[in-house]
Amino acid sequence: MKGWWWKGFAVVLLLYTVIVGLRTPLGPALVHTSITRIAPGEVSLEATGYNTHFTTGTPQVWLENDGQRICASQVKALSDATLKASFIVPLGLRNPMTSLRSWDALDGPLVLHEAFFTEGRGTGIAEGNCAVNETPRSGFAFPDRAILNETIRNLFFHVPMWFTMMVLMTIAFVQSLRVLRTSDLDADRMALAAVHASLLFASLGLITGATWARATWGDWWTTDPKLNGAAVTVLIYAAYLILRGSIPDGHKRARLAAIYNIFAYVLMLVFIMVLPRLTDSLHPGNGGNPAFSSYDLDSTLRAVFYPAVTGWVLLGVWVYTLNLRVARLKELSDEANDG
Amino acid sequence: MRPAEIAHLLKLEWQLDRRQKHAWGSMALYVVSTIYICYQGVRHLADIPIWNALFWIILLFAAFNALGRSFQREDQGRQLYLYTLASPRSVVLARTIYNALTMAALSLISLLAYVLFIGSSPMDHAQVFTFILVVMAGGIGFALVLTLISALAARAGNGIGLMAILGFPIVLPMLLSVMKASKLALDGMGWDVTGKYVLWLLLIDAITVALAWLLFPYLWRD
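Protein sequences, first through last, are from chains A and B.
For the first sequence, position 249 (counting from the first letter as 1) is numbered 349 according to this note's numbering, and the numbering increases by one without interruption.
For the second sequence, position 190 (counting from the first letter as 1) is numbered 493 according to this note's numbering, and the numbering increases by one without interruption.
Hints are computed from structural coordinates only; laboratory data are not their basis.
Since we're looking at a predicted model, the values are computed, not measured.
Heads up, a few of these hints could be off.
To be verified - Simulated coverage check for chain B against chain A, where a stretch passes if three residues somewhere in it have a Cβ under 8 Å from a Cβ of chain A:
#, stretch
1, 465–471
2, 474–481
3, 497–507
4, 510–522
Stated by the list, open to error - Computed far set for chain B versus chain A, every beta-carbon distance over 12 Å:
#, residue
5, Ala-307
6, Tyr-384
7, Arg-392
8, Asp-427
9, Leu-455
10, Arg-458
Glycine included, every Cβ here is placed at the ideal spot set by N, Cα and C.
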């Protein structure tokens with residue numbers, strides 16, 4: 101059978117996505133401190149890391165306030181993920197928030213932004229002798245971000261679902277245009293097969309999105325414009341199927357369904373592009389929230405994301421061709437039974 | 304498609320509606336009785352978001368009810384007759400304009416009845432002129448979007464039920480933005496804040512009319 105190679109390619113890409121996307125560790129990060137407020141004088145705290153190697157990496161720890169550093173007077177690794185540090189905090193730090201930073205040979209530079217409220221502020225301090233090492237870590241790992249943490253892997257599953265859905269809906273749109281131009285019933289079958297496949301991917305997108313939202317936002321569903329757009333899209337194509345179901349005559353069904361599909365597809369594109377820009381959104385990539393690309397400084401996410409998108413889109417097209425073959429065979433067997 | 308043809312069709316619509324006065328009466332009655340039922344449930348509402356949401360829900364269902372009959376009243380014979388006389392694009396444009404005028408009037412009637420029964424205290428600090436403008440723009444927007452949907456549902460041989468299913472997801476984003484704009488107007492925000500919502504509504508309106516104009520000929524022939 102010619103033309104099967106892209107199916108093999110899709111399988112390889114998706115295997116790569118699942119294995120590398122789920123097996124790659126997150127990079128080390130500082131995630132917690134035992135205190136949230138520092139005052140001038142002696143301060144001692146416990147910091148918690150994730151995927152860190154404090155016992156073997158000989159960590160350096162320092163506080164940073166508006167670019168000024170205070171190095172720890174004493175650092176002791178309690179385990180790979182916890183360390184104890186003491187500081188002599190001087191009077192006069194400028195910024196209300198102070199960050200905690202560290203470096204060790206295995207984990208490279210780490211930071212917990214705005215970890216402490218600062219007391220006893222002034223116009224700046226005289227920096228002591230505090231030289232720090234900032235040699236970056238080497239190795240392949242995904243970035244670890246506050247709140248997102250391990251859910252960052254959802255990027256390889258949730259986002260490509262919507263890309264695939266849009267590709268399939270575009271196929272349905274083009275086939276609907278063909279229906280109106282030629283009244284070809286086979287084009288109508290193609291549009292229907294594409295809509296069925298796109299609804300499958302929309303459901304997967306909703307499931308992966310809701311699970312992610314539960315983990316990060318604390319709720320399965322919110323009234324976010326991006327989510328409203330997704331709901332409208334699914335409702336439109338469900339309505340498309342109901343419209344088809346209510347018309348018995350094949351040619352009339354093909355034409356009316358094509359008209360609705362074209363009308364709905366164009367309006368849906370407008371909604372999806374404009375709606376999130378009109379109101380605030382919590383969704384990454386909207387309304388001032390950074391898209392994941394801004395976390396991906398060393399392109400480790402991209403190394404999985406691009407293959408994932410390609411793989412899922414190819415899989416979607418594959419599902420579509422299978423749907424179409426089933427529909428055509430059903431048509432043939434119906435004709436044979438009638439004859 | 305000629306302007307004279309559209310004007311003629313508009314006149315025809317007007318005459319038909321004047322002859323069937325019950326059609327207008329039924330629309331007004333639908334709105335008033337819905338509002339009266341809400342009044343029985345809530346008496347006077349002072350809460351702005353609820354007042355606003357309830358009004359838009361009533362107007363939305365009034366629009367479905369009013370526009371659902373837009374293509375329903377044609378029997379097969381008269382449609383065939385119209386088909387031989389006028390170009391389909393004139394028919395859809397005339398029907399769209401007529402529906403837009405109907406909905407502009409109906410939204411004002413609804414607002415009046417709503418204020419009478421449910422109370423006007425949420426409008427105390429409102430930009431009244433902007434608010435009325437948003438209400439009319441919303442009503443006209445519903446009319447433009449639902450005209451083609453109404454034709455589709457009528458051609459599918461399935462009345463208001465199918466129209467609600469087909470129309471709801473398409474109207475929803477428009478409803479969200481007019482609700483937001485009217486809420487802002489009620490909170491006393493001026494045109495500088497609500498303006499972008501109305502402009503966005505006009506954009507959808509323009510695209511909708513263009514699509515209806517392009518697609519209707521395929522719907523019209525049998």
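Against the structure, the hints come out as follows:
Judged by the Cβ-Cβ criterion of 8 Å, the stretch 465–471 of chain B is covered by chain A as claimed, because 4 of its residues qualify and three suffice. Interface restraint, the stretch 474–481 of chain B with chain A: holds (4 residues with C-beta to C-beta distance below 8 Å; minimum three). Coverage of the stretch 497–507 of chain B by chain A holds. Counting CB-CB distances below 8 Å, 5 residues qualify, and the rule asks for three or more. By the rule of at least three residues with a Cβ nearer than 8 Å to a Cβ of chain A, the coverage given for the stretch 510–522 of chain B holds, with 7 such residues.
The Cβ of B/Ala-307 sits about 28 Å from the closest Cβ of chain A, beyond the 12 Å cut-off, so the non-interface label holds. Every Cβ of chain A is farther than 12 Å from the Cβ of B/Tyr-384; the closest lies at roughly 20 Å, confirming the non-interface assignment. The non-interface label for B/Arg-392 is consistent with chain A: the shortest C-beta to C-beta separation is roughly 14 Å, beyond 12 Å. For B/Asp-427, the condition that its CB be more than 12 Å from all CB atoms of chain A holds, with the nearest at approximately 25 Å.
With a cut of 12 Å on Cβ distances, B/Leu-455 falls inside the contact zone with chain A, its closest approach being about 6 Å. In this structure B/Arg-458 is not separated from chain A by more than 12 Å, as the shortest Cβ-Cβ distance comes to only about 6 Å.
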